[in-house]
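So you can see what is in the structure, the chains are spelled out below.
Protein chains: 2
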Amino acid sequence: MTTLADYLEKNADRIDKVIHRYFGDVHGDLFRASAHLLLAGGKRLRPAVVMLAADAVRKGSSDDLIPAALALELTHNFTLIHDDIMDGDRVRRGVPTVHTVWDEPTAILAGDVLYAKAFEFICLSEASDAAKVRATKMLARTCAEICDGQSMDMAFEKRNDVSEAEYLEMVSKKTGVLYGASAAIGGILAGANPIQTDALYQFGLNSGIAFQIQDDLIDLLASPEISGKDQASDIREGKQTLIAIKAREKGIDLAPYRRSLSPEEINDLIAKLKDAGVIDEVREKAVERATVAKEALSVLPNSEEKRLLSEIADFFIDRGN
Amino acid sequence: MTTLADYLEKNADRIDKVIHRYFGDVHGDLFRASAHLLLAGGKRLRPAVVMLAADAVRKGSSDDLIPAALALELTHNFTLIHDDIMDGDRVRRGVPTVHTVWDEPTAILAGDVLYAKAFEFICLSEASDAAKVRATKMLARTCAEICDGQSMDMAFEKRNDVSEAEYLEMVSKKTGVLYGASAAIGGILAGANPIQTDALYQFGLNSGIAFQIQDDLIDLLASPEISGKDQASDIREGKQTLIAIKAREKGIDLAPYRRSLSPEEINDLIAKLKDAGVIDEVREKAVERATVAKEALSVLPNSEEKRLLSEIADFFIDRGN
Numbered sequence: 001m002t003t004l005a006d007y008l009e010k011n012a013d014r015i016d017k018v019i020h021r022y023f024g025d026v027h028g029d030l031f032r033a034s035a036h037l038l039l040a041g042g043k044r045l046r047p048a049v050v051m052l053a054a055d056a057v058r059k060g061s062s063d064d065l066i067p068a069a070l071a072l073e074l075t076h077n078f079t080l081i082h083d084d085i086m087d088g089d090r091v092r093r094g095v096p097t098v099h100t101v102w103d104e105p106t107a108i109l110a111g112d113v114l115y116a117k118a119f120e121f122i123c124l125s126e127a128s129d130a131a132k133v134r135a136t137k138m139l140a141r142t143c144a145e146i147c148d149g150q151s152m153d154m155a156f157e158k159r160n161d162v163s164e165a166e167y168l169e170m171v172s173k174k175t176g177v178l179y180g181a182s183a184a185i186g187g188i189l190a191g192a193n194p195i196q197t198d199a200l201y202q203f204g205l206n207s208g209i210a211f212q213i214q215d216d217l218i219d220l221l222a223s224p225e226i227s228g229k230d231q232a233s234d235i236r237e238g239k240q241t242l243i244a245i246k247a248r249e250k251g252i253d254l255a256p257y258r259r260s261l262s263p264e265e266i267n268d269l270i271a272k273l274k275d276a277g278v279i280d281e282v283r284e285k286a287v288e289r290a291t292v293a294k295e296a297l298s299v300l301p302n303s304e305e306k307r308l309l310s311e312i313a314d315f316f317i318d319r320g321n
Numbered sequence: 001m002t003t004l005a006d007y008l009e010k011n012a013d014r015i016d017k018v019i020h021r022y023f024g025d026v027h028g029d030l031f032r033a034s035a036h037l038l039l040a041g042g043k044r045l046r047p048a049v050v051m052l053a054a055d056a057v058r059k060g061s062s063d064d065l066i067p068a069a070l071a072l073e074l075t076h077n078f079t080l081i082h083d084d085i086m087d088g089d090r091v092r093r094g095v096p097t098v099h100t101v102w103d104e105p106t107a108i109l110a111g112d113v114l115y116a117k118a119f120e121f122i123c124l125s126e127a128s129d130a131a132k133v134r135a136t137k138m139l140a141r142t143c144a145e146i147c148d149g150q151s152m153d154m155a156f157e158k159r160n161d162v163s164e165a166e167y168l169e170m171v172s173k174k175t176g177v178l179y180g181a182s183a184a185i186g187g188i189l190a191g192a193n194p195i196q197t198d199a200l201y202q203f204g205l206n207s208g209i210a211f212q213i214q215d216d217l218i219d220l221l222a223s224p225e226i227s228g229k230d231q232a233s234d235i236r237e238g239k240q241t242l243i244a245i246k247a248r249e250k251g252i253d254l255a256p257y258r259r260s261l262s263p264e265e266i267n268d269l270i271a272k273l274k275d276a277g278v279i280d281e282v283r284e285k286a287v288e289r290a291t292v293a294k295e296a297l298s299v300l301p302n303s304e305e306k307r308l309l310s311e312i313a314d315f316f317i318d319r320g321n
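Same order as they appear, the protein sequences are chains A and B. According to UniProt numbering, the stretch in the first sequence is residues 1 to 321, in order. According to UniProt numbering, the stretch in the second sequence is residues 1 to 321, in order.
There's no promise every hint is true.
Since the list gives no way to pick out one identical chain from another, each pair is judged satisfied if it fits inside one copy or across any two copies.
[To be verified] Below 30 Å or equal to it, Euclidean Cα-Cα: the simulated DSBU-like pairs (lysine-lysine) are: (1) Lys59 x Lys137; (2) Lys10 x Lys274; (3) Lys59 x Lys239; (4) Lys229 x Lys59; (5) Lys43 x Lys137.
These are calculated hints, taken from the structure and not from any lab test.
Construct the complete structure from the given sequences, taking the supplied hints into account.
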């Protein structure tokens, strides 16, 4: 029985091979800028979801869909390059961001190149034309939604009255829909029927939302050694996470924590949020979403791949615990 | 017999109707930013090329391809929004640019939304799935080339040794390929065979190159009343146009003109460039490209639409004369 960790490692290897074949030796500054973040590695979770969804639908090896799996990784990378410009972030995956190494105009174009390549690679998969058209439409709608999610995220920075419903819409769009599209596109290209496709989309969407909620928890709870980033940076920046929203509901004012915090202050704040039930409630929301995601898979026949998809949903909420 | 002017006007009307239906009453700041430039009008030349190419192939009315025609206009608008950020341009089509009315992050996202919509609209046309997949691939490759063209254009600003071949590659990518794709996609979706598709691509590509060379001539020769912009701005900014390249070949140093010029100084410079044969040679290049474009159409049966396509190539090099 393959463990999820083994599967993800093998999958990342095969995706990395294709990435190196297509982007490892590109000419010209622009194409090198496009390849920069791709070549810095990553867990290739979206490609894994594409491949597992396809294999779960047709119980076979779907190597012919690797171009589509890559397309979803390219889409993710294009959004990261553009987001890093907007958010002014300087480091990503341990390397300087594209607009830092080159400049903003080159980074805008580098993202735009990957955007184009994503659609090209969807069409390079081995699948029926009808399936490719459906996959293209889904990717296009997804990209527009991701833009809307990023726009909401930026708008939230200027507010401190964001509701839980607004937060959930934002993370659905910013993180959920691309996992939804990954699962659904894998299914569509493998010949899934509409019920299976919808189920796979719901699996991905809810897994992605769970992933993002867990990310918010990791930011607050995990030490920098585990999370690889500053602890409590969301609190310091006043971000409207589910933690901040639930704290506000319970009358806990996070405004005084919007500054550099010592480890002791962070621990005191965590204790306060735990006492008020904030942490448990937020974790419950993540668990709920992962449960919805796993339940959606029930329309698929049992298989090794269905089990691994289910484990991905669990992995998303177990990270950093 | 329809004149080209009449055709373009009627075509712009029907494209504008669809634009207003889809983008006239959108909700949310981001989608309004996406629609801003689209709603500011324009001649809708690329949609006209899509529709004429389709009608020339199947000699019918191709209203069912209006979504694809719109897709090419959306692609054009996405590149304009992103280019305006990179070039720091503040006015376009008589309205303030998107990043000026909103901000750069919103403008990046607004362009990204149109980019997604372009692919969605290609797939919304009435055509076979095989044709839609071919059209999607062509649009994707074209977008990547346009990015490369804009990147070359920016790199040229730091050089003054750009060759004619480099210039032609840059304008092919920046302007030519989207006209090539417009004509070819119209053909593909209307059921063109590969020889017709290639011919239509060559028609569009060469028309687009002719268009850009003529644009360079208009910038230098046309008064602001005719061109709607500052006269000789390319010279003032030291742009590597075909005029600048040919002037350099003939030993004319344009460096002293890289500043605000009086109307008299502009006229003296024009006279100097005319005497040296620069203007005639540049015009000849535009005429050559328009001729290649029109000759490419010979594989198509004679029709009203083929004549109008041919007239578009002429129109591109007659503008501003």
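For Lys59 vs Lys137, is the C-alpha pair at or below 30 Å within one copy, between two copies, both, or neither? both (25 Å within a copy, 29 Å between copies)
Intra- versus inter-subunit Cα pairing at 30 Å for Lys10 with Lys274: neither (38 Å within a copy, 66 Å between copies)
Intra/inter-copy verdict for Lys229 and Lys59 if alpha-carbon distance must be at most 30 Å: For Lys229 and Lys59, neither the intra-copy (39 Å) nor the inter-copy (62 Å) Cα distance is at most 30 Å.
When Cα atoms must be at most 30 Å apart, do Lys59 and Lys239 count as within-copy, between-copy, both, or neither? Neither. Shortest intra-copy (43 Å) and inter-copy (58 Å) distances fail the 30 Å Cα cut-off.
What label fits Lys43 with Lys137 when the C-alpha limit is 30 Å: within, between, both, or neither? Both: 26 Å inside a copy, 28 Å across copies.
Taken one by one, the earlier hints fail for this structure at numbers 2, 3, 4, listed in ascending order.
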